[in-house]
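Student: Below, each chain spelled out in residue letters.
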Amino acid sequence: MLLGLCSLWSSVGQVWAEESVAAPPPAAVEKALADLSSDDPSVQDAAVLTLIEQDDAGLLPRLEELRGNADRGLRMALKPAIDLLRNKNKLHSPDPNARRSAAADLAAIGKPIVVTWLEDARKAEPDRWVRYTIDESVNLIKLADPDPQVKIAAAAKLGELRSQNAIPLLTELAGETAPEAGGGTGQAEHMLVARAAKEAIEQIESWGSWTSAIETLFRGISLSSVLLLMALGLAIIFGLMGVINMAHGEFMMLGAYATFLTQECFKAYLPIGLFDYYFLLAMPGSFLVAGLFGLFLEATLIRFLYGRPLETLLATWGVSLILIQGARVVFGDLTSVVAPSWLSGGMQAMVGVQLPYNRLFIIALASLCVAGIYLLLFRTGVGLKVRAVMQNRDMSACLSIPTRKVDAYTFAFGTGLAGLAGCALTLIGNVEPGLGQNYIVDSFMVVVTGGVGKLAGTIVASLGIGGLNKLLEPSFGAVYGKVLILVLVILFLQRRPSGLFAIKGRHVES
Amino acid sequence: MGEGKEISQEHERSEGLSFWLVGFCLLILLPLLNVLPETGSWLHVSDFTLNLFGKFLAFAILALGLDLIWGYTGILSLGHGVFFGLGAYAIGMYMMLSIGTESVYGSALPDFMVWNQVKELPLFWQPFHSPWFAVAAAVLVPTLFAALFGFLAFRSRIKGVYFSIITQALALSAWLVFNRNETNLGGTNGLTDFKTLLGFRLSEPGTQRGLYVVTVLCLGGAYLLCRWIIRSRTGKVLVAIRDSEQRVLFSGYSPANYKLFVFVVSAALAGLAGALYVPQVGIITPAQIGVLPSIEMVIWVAVGGRGTLVGAVVGSVGVNLGRSVLTNHFPELWPFFLGGLFIAVVLFFPEGCVGLVRKISGGWLSRKRTGDGLDKPVAASEPGSR
Numbered sequence: 001m002l003l004g005l006c007s008l009w010s011s012v013g014q015v016w017a018e019e020s021v022a023a024p025p026p027a028a029v030e031k032a033l034a035d036l037s038s039d040d041p042s043v044q045d046a047a048v049l050t051l052i053e054q055d056d057a058g059l060l061p062r063l064e065e066l067r068g069n070a071d072r073g074l075r076m077a078l079k080p081a082i083d084l085l086r087n088k089n090k091l092h093s094p095d096p097n098a099r100r101s102a103a104a105d106l107a108a109i110g111k112p113i114v115v116t117w118l119e120d121a122r123k124a125e126p127d128r129w130v131r132y133t134i135d136e137s138v139n140l141i142k143l144a145d146p147d148p149q150v151k152i153a154a155a156a157k158l159g160e161l162r163s164q165n166a167i168p169l170l171t172e173l174a175g176e177t178a179p180e181a182g183g184g185t186g187q188a189e190h191m192l193v194a195r196a197a198k199e200a201i202e203q204i205e206s207w208g209s210w211t212s213a214i215e216t217l218f219r220g221i222s223l224s225s226v227l228l229l230m231a232l233g234l235a236i237i238f239g240l241m242g243v244i245n246m247a248h249g250e251f252m253m254l255g256a257y258a259t260f261l262t263q264e265c266f267k268a269y270l271p272i273g274l275f276d277y278y279f280l281l282a283m284p285g286s287f288l289v290a291g292l293f294g295l296f297l298e299a300t301l302i303r304f305l306y307g308r309p310l311e312t313l314l315a316t317w318g319v320s321l322i323l324i325q326g327a328r329v330v331f332g333d334l335t336s337v338v339a340p341s342w343l344s345g346g347m348q349a350m351v352g353v354q355l356p357y358n359r360l361f362i363i364a365l366a367s368l369c370v371a372g373i374y375l376l377l378f379r380t381g382v383g384l385k386v387r388a389v390m391q392n393r394d395m396s397a398c399l400s401i402p403t404r405k406v407d408a409y410t411f412a413f414g415t416g417l418a419g420l421a422g423c424a425l426t427l428i429g430n431v432e433p434g435l436g437q438n439y440i441v442d443s444f445m446v447v448v449t450g451g452v453g454k455l456a457g458t459i460v461a462s463l464g465i466g467g468l469n470k471l472l473e474p475s476f477g478a479v480y481g482k483v484l485i486l487v488l489v490i491l492f493l494q495r496r497p498s499g500l501f502a503i504k505g506r507h508v509e510s
Numbered sequence: 001m002g003e004g005k006e007i008s009q010e011h012e013r014s015e016g017l018s019f020w021l022v023g024f025c026l027l028i029l030l031p032l033l034n035v036l037p038e039t040g041s042w043l044h045v046s047d048f049t050l051n052l053f054g055k056f057l058a059f060a061i062l063a064l065g066l067d068l069i070w071g072y073t074g075i076l077s078l079g080h081g082v083f084f085g086l087g088a089y090a091i092g093m094y095m096m097l098s099i100g101t102e103s104v105y106g107s108a109l110p111d112f113m114v115w116n117q118v119k120e121l122p123l124f125w126q127p128f129h130s131p132w133f134a135v136a137a138a139v140l141v142p143t144l145f146a147a148l149f150g151f152l153a154f155r156s157r158i159k160g161v162y163f164s165i166i167t168q169a170l171a172l173s174a175w176l177v178f179n180r181n182e183t184n185l186g187g188t189n190g191l192t193d194f195k196t197l198l199g200f201r202l203s204e205p206g207t208q209r210g211l212y213v214v215t216v217l218c219l220g221g222a223y224l225l226c227r228w229i230i231r232s233r234t235g236k237v238l239v240a241i242r243d244s245e246q247r248v249l250f251s252g253y254s255p256a257n258y259k260l261f262v263f264v265v266s267a268a269l270a271g272l273a274g275a276l277y278v279p280q281v282g283i284i285t286p287a288q289i290g291v292l293p294s295i296e297m298v299i300w301v302a303v304g305g306r307g308t309l310v311g312a313v314v315g316s317v318g319v320n321l322g323r324s325v326l327t328n329h330f331p332e333l334w335p336f337f338l339g340g341l342f343i344a345v346v347l348f349f350p351e352g353c354v355g356l357v358r359k360i361s362g363g364w365l366s367r368k369r370t371g372d373g374l375d376k377p378v379a380a381s382e383p384g385s386r
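Note that the protein sequences, when read in sequence, are chains A and B. Numbering-wise, our numbering puts 448 at position 448 of the first sequence, and it's gapless, one number per residue. Numbering-wise, our numbering puts 105 at position 105 of the second sequence, and it's gapless, one number per residue.
Hints are computed from structural coordinates only; laboratory data are not their basis. Any given hint could turn out to be false.
To be verified - Beta-carbon label-pair distances, calculated as ranges: (1) Phe133/B / Glu202/A: 53 to 63 Å; (2) Thr216/A / Glu182/B: 57 to 67 Å; (3) Asn116/B / Asp127/A: 31 to 41 Å; (4) Leu471/A / Leu148/B: 21 to 31 Å; (5) Val329/A / Leu202/B: 57 to 67 Å; (6) Pro127/B / Val329/A: 40 to 50 Å; (7) Val353/A / Asp243/B: 40 to 50 Å; (8) Asn116/B / Glu202/A: 32 to 42 Å; (9) Leu217/A / Pro127/B: 37 to 47 Å.
We put the CB at the ideal spot given by N, CA and C, even for glycine.
With the hints as extra help, turn the sequences into a complete structure.
Tutor: Pasting the structure below:
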């Protein structure tokens with residue numbers, strides 16, 4: 001039965017050409033539908049064929065219904081017909097992603113008949129990347145063409161397209177041995193096809209190494225921006241107040257849970273159409289929640305510990321334990337946030353490189369935060385006061401700068417940044433009580449490597465550590481990559497004990 | 001933390017007295033109470049309790065080392081779990097090999113290797129057939145590792161919180177590495193299912209009693225060693241480094257060398273603690289050497305009272321006792337309690353239990369204006385009274 005189907009498919013193209021002149025009347029459709037339940041496989045196959053030729057969208061629901069209560073044999077016979085028709089409909093869907101996947105699926109089914117459909121669709125296609133996929137699909141199908149010239153042309157075209165998907169088929173072609181009985185011309189043509197396939201593979205693979213380099217770079221930048229978002233808050237708090245906030249990761253967790261709660265509220269109380277906008281509210285929300293909690297923590301705990309960094313380290317570690325366990329009791333172990341639809345999917349930057357929107361968003365957010373902090377610190381009166389307290393607390397106090405207030409607000413600002421980072425993290429991972437623990441050690445390494453009190457150091461160090469992390473990961477594995485980075489940081493500190501951008505001067509550290 | 005400077009003559013004498021008193025209780029009284037009275041008698045100390053105390057006292061050895069470096073020298077190491085783990089794994093590897101063919105799979109290889117389809121014993125496991133090598137390694141490997149790490153860290157004058165952060169990263173890295181299967185250290189499950197130690201079966205109460213006695217002796221030795229270091233010239237320099245490293249440097253000393261020395265000593269003590277811990281508990285996993293356990297060790301010292309050796313012992317026994325009671329009865333509450341402990345110690349009694357007792361007794365003494373009762377309150381804070 002299956003064999004019969006296969007032979008049928010190869011003739012579909014010809015049948016199509018003949019029949020398209022005069023479409024069979026609806027009666028033929030009715031007959032085919034009736035024939036489907038026939039016991040004779042050949043009658044059945046012929047019926048399926050007729051159905052496919054009906055370029056009729058209305059047929060699909062009927063077929064689906066038929067499949068729903070058919071036996072196994074009939075279902076098998078119907079499946080290709082349904083797949084083809086369904087994907088054909090999807091080729092004209094308003095969603096470009098659906099059109100793309102339809103084109104790719106049609107190539108996977110690989111029937112010559114679809115070439116004409118695809119080429120028709122291509123003419124009207126506005127989207128560049130859908131056109132790309134259609135081209136790819138057309139040539140993939142042509143690769144199976146019996147005519148060697150068509151094969152060669154298709155291989156060359158695929159090479160030009162740098163189609164990663166073509167590699168298995170092309171390798172097959174390149175490795176095929178010439179048919180024994182092919183005779184002289186057959187042999188020569190076969191050689192030509194194999195050569196064309198090989199060339200195409202080379203072209204695609206050299207492109208592939210480029211794209212993987214670009215992707216590694218992108219992943220590195222993406223990790224760096226997460227680290228940067230975290231380390232910025234840490235660096236400000238540590239640089240200004242000498243406070244080691246070990247609970248920083250837990251402020252991130254608070255931000256993540258604030259995002260989660262916003263999402264749940266939108267789900268429960270607002271119309272579904274507004275759901276996508278919850279993230280816009282969640283961002284300031286998570287900043288505020290974490291910031292307010294930071295203010296509270298500063299007032300109740302941190303302010304008693306100024307000037308004793310090691311004590312702040314221990315006390316805030318205690319806070320982090322309590323927060324983690326608290327979150328576990330309240331929220332349970334694992335919850336996840338659904339990214340808004342405008343952040344799902346990705347941007348096709350070039351062939352073979354897709355940049356996910358959520359990662360791009362985090363990079364943009366980190367850049368915005370850096371810009372915002374720079375403006376705040378160096379272009380506003382508040383920033384001037386903060387920097388003054390950072391440099392010389394006593395003198396600032398003498399000049400009537402309210403150092404206590406500056407401390408409190410800076411701490412709140414730093415923790416708020418952590419909350420924002422947590423909100424961003426929900427886009428790329430689950431929300432769990434231990435969320436902050438995964439990043440805390442890394443972000444402290446960033447602060448240490450960057451040098452305290454200099455934002456530029458934090459930025460460069462997070463780029464360096466994040467980038468290095470992703471660079472080492474493929475060859476050493478995530479674990480040894482991390483260990484190696486620790487070793488590198490220690491060796492780096494040999495040369496620069498106070499980090500990349502240490503504050504220069506002759507002051508003796510306390 | 002000013003008290004360290006002015007340990008009075010009386011304090012020293014009382015410390016000596018209480019040392020022998022507590023030593024007697026732990027070394028002779030407790031095992032005797034385990035052996036002699038009938039089970040069920042109110043005087044009887046169960047095997048379980050004795051074993052539990054053995055574990056706590058092994059932790060106390062580590063706490064002594066940690067106190068030496070943090071309480072006396074002012075360097076907060078958040079990576080002592082690593083040294084503890086190195087010592088523990090060294091002994092664990094020996095005991096793993098001594099299981100021999102008694103294992104589940106009946107192979108001479110440890111079970112997890114059979115599981116991971118390792119056909120041959122890795123080279124670095126080979127010497128651990130010898131118990132003496134294992135014991136030596138348990139102390140020497142952490143020592144050497146600390147020497148290398150400390151050399152790099154102190155030479156480049158990484159200090160204060162920087163050092164703490166770097167050591168925390170070290171703990172994280174070690175945890176990651178020990179968790180891997182391909183390092184052939186048992187992966188997440190660690191080393192366990194031990195049967196014998198030097199031919200004695202670990203399941204016998206007698207063996208556990210012996211281990212307890214050895215632990216108490218080691219703790220006593222460690223205590224004397226630490227006391228000797230503190231009272232020596234070196235000890236004075238260490239305290240000086242804590243109080244003002246710059247001045248020590250300007251006086252012509254090299255703080256880096258002293259810091260390296262004390263770091264190495266404390267790592268060796270941590271390794272010894274690990275070696276004593278494993279046979280008594282019967283398992284060592286990466287979860288016991290990571291970031292969280294490492295920082296928990298610090299809190300033992302802080303609770304007991306940093307800068308006093310007695311405090312380190314009191315703290316590690318006290319906190320762990322609290323832990324085993326609380327995790328038994330209210331498992332979800334323990335993290336809250338531990339977190340609260342961190343905050344409370346830092347905020348309300350930075351000098352720990354010993355500092356608290358001294359303050360109270362100091363107030364009481366100054367009211368009574370007599371020096372005779374000096375050693376009583378100190379003795380009351382010793383672990384034997386718990």
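Student: Give a verdict on every hint.
Tutor: Cross-check of the supplied hints:
no.	hint	verdict
1	Phe133/B / Glu202/A: 53 to 63 Å	holds, 56 Å
2	Thr216/A / Glu182/B: 57 to 67 Å	violated, 23 Å
3	Asn116/B / Asp127/A: 31 to 41 Å	violated, 50 Å
4	Leu471/A / Leu148/B: 21 to 31 Å	holds, 26 Å
5	Val329/A / Leu202/B: 57 to 67 Å	violated, 37 Å
6	Pro127/B / Val329/A: 40 to 50 Å	holds, 48 Å
7	Val353/A / Asp243/B: 40 to 50 Å	violated, 58 Å
8	Asn116/B / Glu202/A: 32 to 42 Å	holds, 39 Å
9	Leu217/A / Pro127/B: 37 to 47 Å	holds, 45 Å
Consistency note: the structure conflicts with the earlier hints numbered 2, 3, 5 and 7.
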